[in-house]
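Participant: These are the residues of each chain, in order.
There are 2 protein chains.
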Amino acid sequence: MSTLRQDPTTRQWVILAPRRAARPHEPVELPRSTLPERDEQCPFCPGNEDQTPPEVLRLPDDGAWRVRVVPNLYSALGGDGPAPRGGAGPFREMPGVGGHEVVIETPHHDARPDEMSLREVTDVLRVWRRRYLQLLARPGIRAAVAFKNFGRLAGTSLVHPHSQILATPVLLPRMQQRLEVATRYFDENGRCVYDEVLDAERAAGTRVIAEGERFLAFEPFASQTPFETWIAPTTHRSSFGDIDDGETRDLARVLRRVLAALRRAAGDPDYNLVVFSAPPSESDEDAFHWTLRVLPRLSTPAGFEVGSGMSINTVAPEDAALALREAARTE
Amino acid sequence: MSTLRQDPTTRQWVILAPRRAARPHEPVELPRSTLPERDEQCPFCPGNEDQTPPEVLRLPDDGAWRVRVVPNLYSALGGDGPAPRGGAGPFREMPGVGGHEVVIETPHHDARPDEMSLREVTDVLRVWRRRYLQLLARPGIRAAVAFKNFGRLAGTSLVHPHSQILATPVLLPRMQQRLEVATRYFDENGRCVYDEVLDAERAAGTRVIAEGERFLAFEPFASQTPFETWIAPTTHRSSFGDIDDGETRDLARVLRRVLAALRRAAGDPDYNLVVFSAPPSESDEDAFHWTLRVLPRLSTPAGFEVGSGMSINTVAPEDAALALREAARTE
Chain E
1394 MSTLRQDPTT
1404 RQWVILAPRR
1414 AARPHEPVEL
1424 PRSTLPERDE
1434 QCPFCPGNED
1444 QTPPEVLRLP
1454 DDGAWRVRVV
1464 PNLYSALGGD
1474 GPAPRGGAGP
1484 FREMPGVGGH
1494 EVVIETPHHD
1504 ARPDEMSLRE
1514 VTDVLRVWRR
1524 RYLQLLARPG
1534 IRAAVAFKNF
1544 GRLAGTSLVH
1554 PHSQILATPV
1564 LLPRMQQRLE
1574 VATRYFDENG
1584 RCVYDEVLDA
1594 ERAAGTRVIA
1604 EGERFLAFEP
1614 FASQTPFETW
1624 IAPTTHRSSF
1634 GDIDDGETRD
1644 LARVLRRVLA
1654 ALRRAAGDPD
1664 YNLVVFSAPP
1674 SESDEDAFHW
1684 TLRVLPRLST
1694 PAGFEVGSGM
1704 SINTVAPEDA
1714 ALALREAART
1724 E
Chain Y
1394 MSTLRQDPTT
1404 RQWVILAPRR
1414 AARPHEPVEL
1424 PRSTLPERDE
1434 QCPFCPGNED
1444 QTPPEVLRLP
1454 DDGAWRVRVV
1464 PNLYSALGGD
1474 GPAPRGGAGP
1484 FREMPGVGGH
1494 EVVIETPHHD
1504 ARPDEMSLRE
1514 VTDVLRVWRR
1524 RYLQLLARPG
1534 IRAAVAFKNF
1544 GRLAGTSLVH
1554 PHSQILATPV
1564 LLPRMQQRLE
1574 VATRYFDENG
1584 RCVYDEVLDA
1594 ERAAGTRVIA
1604 EGERFLAFEP
1614 FASQTPFETW
1624 IAPTTHRSSF
1634 GDIDDGETRD
1644 LARVLRRVLA
1654 ALRRAAGDPD
1664 YNLVVFSAPP
1674 SESDEDAFHW
1684 TLRVLPRLST
1694 PAGFEVGSGM
1704 SINTVAPEDA
1714 ALALREAART
1724 E
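Order-wise, the sequence lines are chains E and Y. All residue numbers for the first sequence refer to the numbering used here, where the first residue is 1394 and numbers rise by one. All residue numbers for the second sequence refer to the numbering used here, where the first residue is 1394 and numbers rise by one.
It cannot be assumed that every hint is accurate.
What the hints assert, rightly or not - Now the stretches of chain Y that chain E is said to cover, found in silico as 3 or more residues with beta-carbon under 8 Å:
| no. | region |
| --- | --- |
| 1 | 1427-1433 |
| 2 | 1438-1445 |
| 3 | 1507-1521 |
| 4 | 1601-1612 |
| 5 | 1629-1637 |
| 6 | 1658-1671 |
| 7 | 1686-1694 |
To be verified - Here are the simulated distance ranges between beta carbons:
| no. | chain 1 | residue 1 | chain 2 | residue 2 | range |
| --- | --- | --- | --- | --- | --- |
| 8 | Y | Arg-1431 | E | Arg-1404 | 27 to 35 Å |
| 9 | E | Glu-1448 | Y | Pro-1566 | 36 to 44 Å |
| 10 | E | Leu-1452 | Y | Gly-1660 | 24 to 32 Å |
| 11 | Y | Pro-1436 | E | Ala-1596 | 53 to 61 Å |
| 12 | E | Ser-1426 | Y | Arg-1512 | 42 to 50 Å |
| 13 | E | Gly-1583 | Y | Pro-1464 | 43 to 51 Å |
| 14 | Y | Asp-1679 | E | Asp-1473 | 37 to 45 Å |
| 15 | Y | Glu-1711 | E | Pro-1477 | 32 to 40 Å |
Claimed, not checked - Residues of chain E clear of chain Y, computed beta-carbon distances all greater than 10 Å:
| no. | residue |
| --- | --- |
| 16 | Glu-1486 |
| 17 | Glu-1513 |
| 18 | Arg-1650 |
| 19 | Ala-1653 |
| 20 | Ala-1721 |
Derived by calculation from the structure, the hints in this document are not laboratory data. Owing to the predicted nature of the structure, the values given are computational and were not obtained by experimental measurement. Ideal Cβ placement from N, Cα and C applies to all residues, glycine included.
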């Protein structure tokens, strides 16, 4: 029989209905990439820098670059300036001001995050932090999200390793809802609900995948989808924007380990990486705790999920965690 | 430049960033199905009735059936009985009681909703209503959703026409949120926000696709995805459970027209059908208005959507509505 579990950080229930057929398979060795190290047609490859808009950041400042940030050529949002609300009757609209940037993570067309060096992944996370803070500091910006789409099912068609940061002139519904739940929890219990979750996950142990010096990786108790993974700072931090250099390095270490294990344990799935964070120095900083989430695209949300907002997960997080721990060990 | 639009029924903003390449294409004639009328391997085909659990409803009661309802062999939820909350620390869980049924919509393996007769589609909608009401009447059930997954991208692998009804022992987050917004709107304005939307859509006309005697089909002002379509009763009704026989017939007429137009205008996309409804006789019945929504799967939600809960839509609803109206006219 299935069970329902409630995510204490959102108060939403998920239906956990594990199926034998959907069980994690044995770790497999995957063939290496057949991509070239450089693709002449790729706008993100070295030598094609003129095919992107002018860069807003590069590492290092001169010479051959390791990381570049450019405005998205197909920006969903862009430009500064006022964002007055308009519209008629019950309808409201406003101009799409904001920012939408692409982080080109490496000059190597055939690189993958799980194979990139610790230094390379650390560089990318530091660039995320810098652009996240700079975009949030722009007038009129209310929220920003750093994310990565890995593979077609995760919403990308460009294989050259890249991620994105999108900054919006309105608050984000999913973040608002999480902040509300966390604030109410803090008000009632005098403690951050995420800190409670981290303590409970460590005590249970069954869903933990890896622990670094400053970060814990685990499958959440009420995982919405197979192999959903959270990486959380083990000391209380409400904003990704406040991460320091030592922390980015430890985060990179844990992230690489999780991604390599995921690749072997779950058959190299497409996935999204998303930073769930409050803006820095918010009043909710005691109540909220940021996380970096790995969201593999191993299932398709159907009519029920779309209509109800409730998920049906066919892989128990304890089974997924076991498979990931084993894959990490045999690496 | 893109614009942001707010859905007055959820107060959520969507980013509307139309792209030339994503524009609706010209209506096309599609090849007819190459499926057989009956497939010996299909558990939903006549002659294979013993491959499903015993039916809970059939039309007609005896002789050859036109519609059958059976419990889902892979039930996400099932069984009656109490649903006590358990769990330790911050974690809550409960047994997965509830109902999960499959509506086998026709004996014909190769049928499609847009090609089924008016009588056939009407039959299916009446069966939805009956099972929706019966599941909601069971002890411990708090909510139910009738939905259909058409095609692989919409979450199904069985081609034989079927839909599902899932009844849960907890409220559904998306419905709760819609009821809250509608109730607050009613409290402030003394009117159902959906009635305001229907009046405004009729007055604007640019997003209307078809109007029956009792139903209006339109692309909502703040469409989340390309070709998202709402079909709403034109007189105030809060629950799908209260639909009468004349209304099911008119709804079937409008739905068939929308699905046929969608097939021609948008290249035969996979889609979900979902009934967004309050349970019958709720206290919110003045504030809420049920809709049947057609949600084509023409885009992939990526990291930003997953993380923020905000959508980026690349097709303006006015363009989609124009294409659908033209496809409906040249039928």
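Participant: Would you pick out the hints that fail for this structure and give their numbers low to high?
Facilitator: 1, 2, 3, 4, 5, 8, 10, 11, 12, 15 and 16
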